[in-house]
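Student: The lines below spell out each chain.
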Amino acid sequence: MDNTFLSVKDLEVIYTSGKKIVRAVNGVSFSLQRGETLALVGETGAGKTSIAKAIMRILPNPPGKIVGGVVELEGENLLEKSEAEMLEIRGERIAMIFQDPMTALNPLMTVGDQIVEGLRLHNDLTFAEAKKRAEEMLEQVGIPAVRFVEYPFEFSGGMRQRVVIAMALACNPDLLLADEPTTALDVTIQAQVLNLIKSLRQKYGTSMILISHDLGVVAQTCDSVAIVYAGQIMEYGTKRHVFKNPCHPYTRGLFNSLPSMNSDSDRLKPIEGTLPDPTNLPDGCPFHPRCPRATQECKIGVIEPVKVEPGHICRCIHAGAEKSVEDSKRIHSGEV
Amino acid sequence: MTKTIVKQEKTQIEKIEKSSFFKETMQRMVKGAGAKVGVALLAVIVISCLLADYIAPFSPTEMDFTALFAKPNARHIFGTDGMGRDIFSRILYGGRYSLALGLSASLLGTAVGIIIGSIAGYFGKKVETVIMRVMDIWSSIPTLLLSILIATALGEGFFNTILALAVGEVPVCVRLIRGQILKERCKEYLEAAESINCPKAVIMFQHLLPNVISPVIVHMTMGIGSTITMAATLSYIGLGVKPPTPEWGALLSDARAHILNYPHLIMFPGFVIALTVLAINLIGDGLRDALDPKLRS
Amino acid sequence: MAEYILKRCLALIIIVFATAFIIFTILYFTPGDPARALLGASASDAEVAAMNEALGVNRPYLVQLGDFFYDTFIRFDFGESWVYGRPVYEELAARLPRTVLIGLSAMVLNLFFGLLLGIFAGTHGSKWQDSLTMAIAMVFISCPDFWVALMMIVLFSLKLGWLPPYGIGGPEYYIMPIICASLGGIAVNARQTRSSILEVYREDYITTARSKGQRESVVVRRHMLPNALMPIITTIGTGFSRIVAGSAVIETVFSIPGVGTYMLSAINGRDYPAVRASVLFFAVFTCIVMLVVDLMYAFVDPRIKAQYSRVRRAKVQ
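Residue numbers (numbering that gives the first Met the number 0), protein chains in the order written: chain U, 0 to 335; chain H, 0 to 296; chain F, 0 to 316.
Source of the hints: derived by calculation from the structure; they are not laboratory data. Glycine included, each C-beta is placed from N, C-alpha and C at the ideal position. Careful: at least some of the hints might be erroneous.
[As the list claims (entries may be wrong)] Among the chain H residues that face chain F by a calculated CB cut under 10 Å, a handful are:
(1) ILE136
(2) TRP137
(3) ILE140
(4) ILE149
(5) ALA231
(6) LEU251
(7) ALA254
If we strip away everything but chain U, and leave its shape as in the complex, we get (with noise of 0.2 Å):
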C-alpha cells in the first residue's frame, strides 16, 4: 500500500439550497496507485463529478461544502491545505478536464492565451517559451500550431476538447481528473478523443480519475472501477472483477441495461425508477427502494461494504449470494 498515490477517505459533500442539504457525496472512499486509472461510473446526479471538484477544492462555494473526510495525495491532505498552498496544486499536480467543451473554454481569450495562463503560473517562463510549449501542445493534440491565436468558437467541439486536454496537461500533472470527456461528442471524436488521452497519460505517466456513466469508455481505458450511486460508493474493484463478477444489484442493474450484441432477448432490462431524492435519501440501502433483491434489513441501519474477494468491495448485504445464469451472460457482452 506504500505506492498509493491519492487516497480518499470518507469524503462528504453537501450543497445548501435555501434551507435544504443536499447530500451529494456521502462517505466515500477509494485509492489510486500511481499511474493507474479508476472510473467513476454512475448515473447523471449520482455525485460523481462533486468527488473530482471536492479533490480539487474548486466546488462553487457557497453552495457546494465538503463536510468530511480525507483527501491524501502523496500522503498530505488537501483538505487541510491553505487556499495558497491548494492554487500551486491546482493545474500543476492536478489538472481537469471538464465535461462540455462548448463552456469550459473562455470565450474572448484566444486559446493559446487560456494554455499560456496556466503554464506561466506554475513554471517560470516568459510569455515567448509559454508559448512555444503551448504551440507544443497544440501539435501533440493534433491542432496546428497556427490555430493558437484563433479564439474557442472558431473550433468545434471535438477540437475544443483536444484544447481543454492540451491545456489540463501542460503543465504535466501528475493526476487528471476527466469529467465525462467524451459525451459531448460524436461517437467516432469520442474514440479519438480517448485515445488521445490515453497515449498521452501513458507518455507522462499521469494517473487519472474518468468519470463516466459509458460502460463501453470504462471498459476501454480503466484499470479500476468504483460504481457511485446516491454518493456512495456501491461496488469498487479492478475492470476485471466488477466486469467478470458484479456483485451489486445496481452494478447488474447497468450492465442489464446496455443492449447486447450475442444475446437472443429483444428487450433491455432498464432499472426501475430513478436517482432517490438527494434532499431526502431513504434510510438503509439508498437503492433499496428499486432494488430486486431489496428485503427488509435492507430498509434499515448503514449498510456497510463487503469485502466480495480480494481489492473487490461491494456495498450490499446480499453480495456474494448466487448470480443468475442470465446475468453472467450479459455481464460477458457488457464487457466489449
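With chain U held as given, fit chains H and F onto it using these hints.
Tutor: Below, chains H and F without anything else, positioned relative to chain U:
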C-alpha cells in the same frame, strides 16, 4: 367513449397544471422579502386610492380659504395648495388616474408588442427583417420623446395619454418577444408540433407563447411602474393629463411655480409616485425570480 | 472591419431619414391650427388664413415633406422659428453645447458608477453589501428623475445653499443637472452589471480557470469581468437614449437653455420647425452614440470581428 374520457382527463390535467403554475409562481414570488414588501405597499396604495371616497378627509376640489399653502398639520396632513385644497385627498383621488394610466398603457403597449413580436419571431425571414427595421427606427427616437410627440399630436386627455405612453412601450416589447422566440425557435418541440401538422396559429399561441411569456410578464409589470413615472413626467411638462384633474404628475406640475416657497407641494406627490413605482418594481423583481426556470426546482 | 463600419453608417443614415419622416408626419397630422396658436384667439379668420399661407402649411403633404427633406438634408437649413422668427439653426447651435455636455457627462457618470456598483454588488453576491447596493439602486430606479431634481434643488439650494437652483453660469450650475440626469441610469446599470456577473459566475470556464490554479482575484479580473461586461456594452445605447430624453425634462427643471427646453417650449407654442429640428437633433445624437457603442462592441467581441475578417483570412489561405 374512450375519446371523451381522454379529453376530460386532459382538461382536468390542464386545469390542475394551470392553477398550480399560477399558484406556485405566486407562492414563490411572495417568498422573497422584497416582493412581500412590494405586495403589501401596493395593496395599501391601491386600496386607499379605490376607497378614496371613504378615506379622504376632503373632496379633491374642496377649497379651504383659511388655509392656503398650509404646511403639513393635523388637519391637512400633507398640507394644502394655493387654492387651499387638501394635498392628501388630492393624492388619493389622483392615484386612480395615475394607476389606471400606468396599468392600461403598459397592458396596451405589451399586447401590441406581443402580437407584432410573435409575428416577427415566428415567420422570420423578410417579415422579420421588415418589422425589426421598423422597430429600429421606432426606437431611435427616445421613448419619452416619442411619447411627448404623440401626446402633442393627440392633444391632452386621459385616453390620448394612454396611447402616447403605450406607443413607447411597443418596440421594447417586440424586441423582447422576438429575442425569446429566436431562442425557442430552434428547439425540437416546435418541430415536433409541426411534424404532426399543427396549424401555425396553434403553434404560435399554444406552444411558443407560453414558453416565451415569462420575461414579458416581468417586463410588463415593471412597465406599469415606468409608465406611471412617464405619465407624471408628461403632465409635469404640460402634456398629458391637465391640472384640475388631480393626477400625480399634474399635482407636481401645478406646484412647480411654488417650489421655492412651498416645497411640501412637490415633496408629497412625488414621494407617493416613487413609493408606488418602488412597490411595483419590487413585485416585478420577485416575479422575475419566481418565473426564472433556472431557479425553479 | 471597414465593411462593418460602412454598413453601420449606412443604417444610421437610413434611420435618420426615417426618423425625420416620422417626426414630420406626426406633426403634420397634429390637429390644430398653427397660425391660430401663433396669433392668438383675437386674430380674425382672414389673418389666420394669411398666416397659414405665409407659413406654407396649406400646401399638400408630399410637397411639404419634400421641402422639409430638401431643406434639412441638402441645404442643412432648419427654417426659421415661427414664434421668434430667428433661424432655428442659430438657436440650436447656441444651445447644443449645453445639452451635449449634460448628456455626455451623465453618460460617463452613469457608466463609471453603474459598473463600479454593479461589480461591487456582483462580486459580493448575496452578502449584505450586495443587498444594500441593490436596495438603494431599486429606490433610485423608482424615483422620477425630475422629482429628484426638484428635491435636490430644495435640499442643496434652498436648505443648504451650496449650489445655484437654476439658470446657467459657471460649472457649479451643471453639477445638479448632470447628477440628476445620470442617477436613474446608474441604478439600472448597476443592476444589469450585477446580474450579468452572477450569471457568468456559474459558467464552466470560470471553474476551468480556477482548476488551473489561478488566484480568485485574477479569475474575476481576467475571466469573469470581460465576459460579464460584454452584454452591458449593448445596453449603453438604450441607457443613453434614456438619459437624453430625461435630460430634456431635467433642463426644464433647472431652467437651462438647452435643446430640451427649446423643444418643450416649441411644442407648447406649436413652433413646428423648432420642434422638428430639436427632436431630430435628439434622435441623431442618440443614433450616433449607439453607432459608436456598436462599433466598440464589434471591436472587443472577437465573434463579430472574426465575422468580418474571415474574408481576409480566406484570401490569405
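Student: All hints are to be evaluated individually against the structure, with a verdict given for each.
Tutor: Hints and how they fare:
About 4 Å separates the beta-carbon of ILE136 (chain H) from the nearest beta-carbon of chain F, less than 10 Å, and the hint is met. The restraint placing TRP137 (chain H) at the interface with chain F holds, with a minimum CB-CB distance near 8 Å, inside the 10 Å limit. Of the supplied interface hints, the one on ILE140 (chain H) holds, with its beta-carbon coming within about 5 Å of a beta-carbon of chain F, less than 10 Å. The restraint placing ILE149 (chain H) at the interface with chain F holds, with a minimum CB-CB distance near 7 Å, inside the 10 Å limit.
Interface hint at ALA231 (chain H): satisfied, since its Cβ lies 5 Å from the closest Cβ of chain F, which is below the 10 Å cut-off. Restraint check, LEU251 (chain H) versus chain F: the minimum CB separation of about 7 Å is within 10 Å; hint holds. Hint status for ALA254 (chain H): holds, given a least beta-carbon distance of 9 Å to chain F, under 10 Å.
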